[in-house]
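Here the protein sequences come in this chain order: C and B. Using my numbering, you'd call the opening residue of the first sequence number 1 and step up by one each time. Using my numbering, you'd call the opening residue of the second sequence number 1 and step up by one each time.
Certain hints may be false.
No copy labels: a pair is met if it fits in one copy or bridges any two.
[Unchecked claim] Derived pair list, reagent style DSBU-like, types lysine-lysine, alpha-carbon separation capped at 30 angstroms:
id, residue 1, residue 2
1, 142, 170
2, 170, 45
3, 324, 71
4, 71, 170
5, 82, 341
6, 142, 341
7, 194, 142
Since the hints were derived computationally from the structure, they do not count as laboratory data.
Number of protein chains: 2
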Amino acid sequence: MSLNILVTGGAGFVGSHTILELLNVGHRVICVDNLCNAFGAANSKLPESLKRVQDLTGKSVTFYDVDIRDKDGLREIFNKHKIDCVAHFAALKAVGESCRIPLQYYQNNITGTSVLLEVMAEANVFSFVYSSSATVYGEPQKLPLDELHPTGSCTNPYGKSKYFTEEILKDLCESDPRWSVISLRYFNPVGAHKSGRIGEDPNGEPNNLMPYISQVAVGRRETLKVFGNNYDTPDGTGVRDYIHIVDLAEGHVSAIKKLAGGELKGFVVYNLGTGQGYSVLEVVDAFSKASGRAIKYEIVDRRLGDVASSYADVTLAAKELGWKAKRGLKEMCEDTWNWQKSNPNGFAGAK
Amino acid sequence: MSLNILVTGGAGFVGSHTILELLNVGHRVICVDNLCNAFGAANSKLPESLKRVQDLTGKSVTFYDVDIRDKDGLREIFNKHKIDCVAHFAALKAVGESCRIPLQYYQNNITGTSVLLEVMAEANVFSFVYSSSATVYGEPQKLPLDELHPTGSCTNPYGKSKYFTEEILKDLCESDPRWSVISLRYFNPVGAHKSGRIGEDPNGEPNNLMPYISQVAVGRRETLKVFGNNYDTPDGTGVRDYIHIVDLAEGHVSAIKKLAGGELKGFVVYNLGTGQGYSVLEVVDAFSKASGRAIKYEIVDRRLGDVASSYADVTLAAKELGWKAKRGLKEMCEDTWNWQKSNPNGFAGAK
């Protein structure tokens, strides 16, 4: 079964890896991205990440430089292509920045999604995969986090925008039975494609642990800041459920397969994680081994809003999507390092 | 002190009554309304409600037929007028409809507000009064409801759109100290201006009790439906905190005065209610006395999402805004009836 899949935000980290897997299983991809966080599109019709996806797969991606808030722009794309399903990655995602410019976050993430959904309905397209986040669970009331855990006590505009959008999707599905929506709640995506040709390329100082570590390892940054070592965890540092980006991408392939099967109706959520938590210091250690480099770090104050531990109950996705993460921490570190060392400045060094 | 106040949604029930009071105390009003729920604008530059406000006050309102999601349209208005403060009423507000067309509710109420706030910031206007609702409290955990009661467990898209917007306003104020925002949480606005020239004019079957009763009294509808008489209340019917629309309008005048004073910073909420709850049957009885008409009613099933009792703690607004509701249930019913009997078909009968 080969589908026409519209991917929004496809130039980014999760989007580009997902497109690669979608192409590999034989789907056709139409990508929409406003390139606000992507590198290398100025002199080219394609952002650098998608050029490399084409190289790696030997297949082509149809690309539109369109903002999802641009209703007419989206309409044109739906008129040109018979879309079967939409995978929606386009969003702003930096927690700290979201506190500084909340309106832009709400406009990009909520208004953007609403406009996209309106245009989909006009075009009679009702299959939707949403990039959600474990942040919607707020402070965990119990661990592991399963999909029935309450949502909503988010402390920053980024997290709220993910939670609000899930509520909008739920209301939409209740209002109109034609919709089938899968919301995938990501835990902590890391790693890179095995080739080392695509990977995570954050702007400025990374918000997340793994890219920070790898920039220290490659010499771009001096010292890793570890935010607190007095949490109630085995070594005192925060514990998270890291998931390899290729596993995450495969989770999307499984979700789209499920939607195409037609028996899923309404709004359904799945955790995408491994079910296994690792502390900051465990990740540092694993990365150090994978890269053969010492990672200098210092303990600094906790960050506001960080929880001690977060990891997923992954039984639902296994049962209903037939999907399970296969790659462990060692492979996550090796693949991150492989990408980082051959692209020390991310896509910016591309020839 | 005379200010230039931009009023969005000023053609509606709450908006028009507030404009009248703002004009009476000497402010100038610029009104923006897309007229999606207003009568009589086709053959005129002004909707019927605002024509009558002009008649009643002897003052004029500057009116723009603009949708608040239209950024360029709003920008033009802010370029033309030196706005001191915005009172934001424009929103869709029917609970049942919000469940049928949720995206339109989210687009009007959330996207609309975000666009308005963006344009305000561009124009260096940072004083904002928001039309919120007691619905943000969800199911009351204790009564009376004070402003510290938790918010967010709303069961329908209308209520969620009010709650989400409050969160957006809170985040905005935290991100930028120039903002001063008062969110007014309305309990159940009823009644009409003493003149009987302006009042509530719902489209189709009324969602709310008082307009329903008054349409029964005037003969437009046969029988009032009372949704449940087995609640845990003195007579089994739902108890609500009804507030006279002129009191509510005066609450806005007080809020704007407070903002203009300059000492209030950030995001602040106030309940607007009387603090006194009345049951459905008490309102029926009071209306019957005020109108001299029998009100035929029948008991039907509860409505999903209705709570047994809801009434406000009103001490905060009294203390900080110097505002208190002055009009009782008798006056609410008399003024509603005065409006209804001289306008049996609302503004539609206007010459």
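Against the structure, the hints:
1. 142 x 170: both (24 angstroms within a copy, 28 angstroms between copies)
2. 170 x 45: Classified as neither; 36 angstroms inside a copy, 40 angstroms across copies.
3. 324 x 71: neither (36 angstroms within a copy, 45 angstroms between copies)
4. 71 x 170: Close inside one copy (22 angstroms) and across copies (28 angstroms); limit 30 angstroms.
5. 82 x 341: This pair counts as neither: shortest intra-copy Cα distance 40 angstroms, inter-copy 56 angstroms.
6. 142 x 341: neither (39 angstroms within a copy, 59 angstroms between copies)
7. 194 x 142: Neither: 35 angstroms inside a copy, 57 angstroms across copies.
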